[in-house]
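Once you've looked at the hints, dock chain B against the given chain P.
Chains as they are written, first to last, in the working numbering: chain P, 228 to 384; chain B, 228 to 384.
Simulated from the structure, these hints should not be mistaken for lab results. Careful: at least some of the hints might be erroneous.
Claimed, not checked - Covered stretches of chain P (in silico footprint by chain B; criterion: 3 or more residues with CB under 8 angstroms from a CB of chain B, positions within the stretch not fixed):
1. 244-250
2. 253-261
3. 283-292
4. 312-324
5. 328-335
6. 370-378
By construction, the Cβ of each residue, glycine as well, lies at the ideal position given by its N, Cα and C atoms.
2 protein chains.
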Amino acid sequence: MNESATLAQSDDDQRPLSDLDSLIGYNLKRAYMIAQADFRKALDEDQLGPRDFSALLLVAQFPEITQSRLARMLGIERSGLVAIVDALENRGLLKRTHVEGDRRVQALVATPKGQTAYVKALGLVRDHEEKLFSVLTDQERDTLVSLLHKIRALETD
Amino acid sequence: MNESATLAQSDDDQRPLSDLDSLIGYNLKRAYMIAQADFRKALDEDQLGPRDFSALLLVAQFPEITQSRLARMLGIERSGLVAIVDALENRGLLKRTHVEGDRRVQALVATPKGQTAYVKALGLVRDHEEKLFSVLTDQERDTLVSLLHKIRALETD
Numbered sequence: 228m229n230e231s232a233t234l235a236q237s238d239d240d241q242r243p244l245s246d247l248d249s250l251i252g253y254n255l256k257r258a259y260m261i262a263q264a265d266f267r268k269a270l271d272e273d274q275l276g277p278r279d280f281s282a283l284l285l286v287a288q289f290p291e292i293t294q295s296r297l298a299r300m301l302g303i304e305r306s307g308l309v310a311i312v313d314a315l316e317n318r319g320l321l322k323r324t325h326v327e328g329d330r331r332v333q334a335l336v337a338t339p340k341g342q343t344a345y346v347k348a349l350g351l352v353r354d355h356e357e358k359l360f361s362v363l364t365d366q367e368r369d370t371l372v373s374l375l376h377k378i379r380a381l382e383t384d
Numbered sequence: 228m229n230e231s232a233t234l235a236q237s238d239d240d241q242r243p244l245s246d247l248d249s250l251i252g253y254n255l256k257r258a259y260m261i262a263q264a265d266f267r268k269a270l271d272e273d274q275l276g277p278r279d280f281s282a283l284l285l286v287a288q289f290p291e292i293t294q295s296r297l298a299r300m301l302g303i304e305r306s307g308l309v310a311i312v313d314a315l316e317n318r319g320l321l322k323r324t325h326v327e328g329d330r331r332v333q334a335l336v337a338t339p340k341g342q343t344a345y346v347k348a349l350g351l352v353r354d355h356e357e358k359l360f361s362v363l364t365d366q367e368r369d370t371l372v373s374l375l376h377k378i379r380a381l382e383t384d
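The following block holds chain P by itself, in its conformation from the complex (with noise of 0.2 angstroms):
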């Protein structure tokens, strides 16, 4: 194939193809890209970053989670979870608690106020990937779903 040919032949096309563009990982990133923009207009009023709506999701649906364990949820270094956790509490969203039966634990749960931004803000959100994906029927949603969740499945603990 010649590419500059490829290239010229497109010039009314902003995305002639590439060895990028059959690279499973560019891919991800690229639509990640473009989830991640659209997923902070989601949440602009709100104030609510993706990592703290991430952790705020879990700490409301998993009551009394540790803090190594969101962390490990979340997929991210412990230390990188505590500023997250800190702003959180620090706007009233969560508390930090104890394991009941062992006060040694520390565990997260949200508040009343932190319950009610969490179903909010995953609204706002849900809102937002209907409208987003809908170049994509259910069934392909579905599918994607599928397929990211088998790659997830990778992760390291």
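Chain B only, in chain P's frame:
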């Protein structure tokens, strides 16, 4: 659903399902993070970061590409591209030239060293992807890339 119970029941499994796991954007993010980490391992020896790799690949594939066009294809700001192009030029992998017939327009071409580096790096990345994504069948990979292309078609220039 009693979500505390969900967590308790899955004590041996670090990945109980949460609302996050149903969000396409979040799944894209996590799958991308896995691919990104693997990519960095693939190219460790070459010290070619993901952005350098993508830029070099496109310059090698599309000789005399302009910086504006390259930035557009990479989905990044032109200002962000300058540092990448400078670094690649300093390493002797590409050079700035002029579009034939219009000396006012600056364009980029890969040097022979850059062509060699691109072919080698692409081979390493493909080998890594082959191993990493062996959890998916060939057909599943094709499906995944095709679905991601549909999402990428949402990109705005």
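Hints, one by one, checked against the model:
1. 244-250: holds (count 6)
2. 253-261: It holds: at least three residues are needed, and the region 253-261 of chain P offers 9 whose Cβ sits within less than 8 angstroms of chain B.
3. 283-292: This one holds; 7 residues, not fewer than the three required, reach chain B with a Cβ under 8 angstroms.
4. 312-324: violated (count 0)
5. 328-335: Answer violated; 0 residues pass the 8 angstroms Cβ test.
6. 370-378: holds (count 8)
Violated hints, listed in ascending order, are 4, 5; each of the other numbered hints is respected by the structure.
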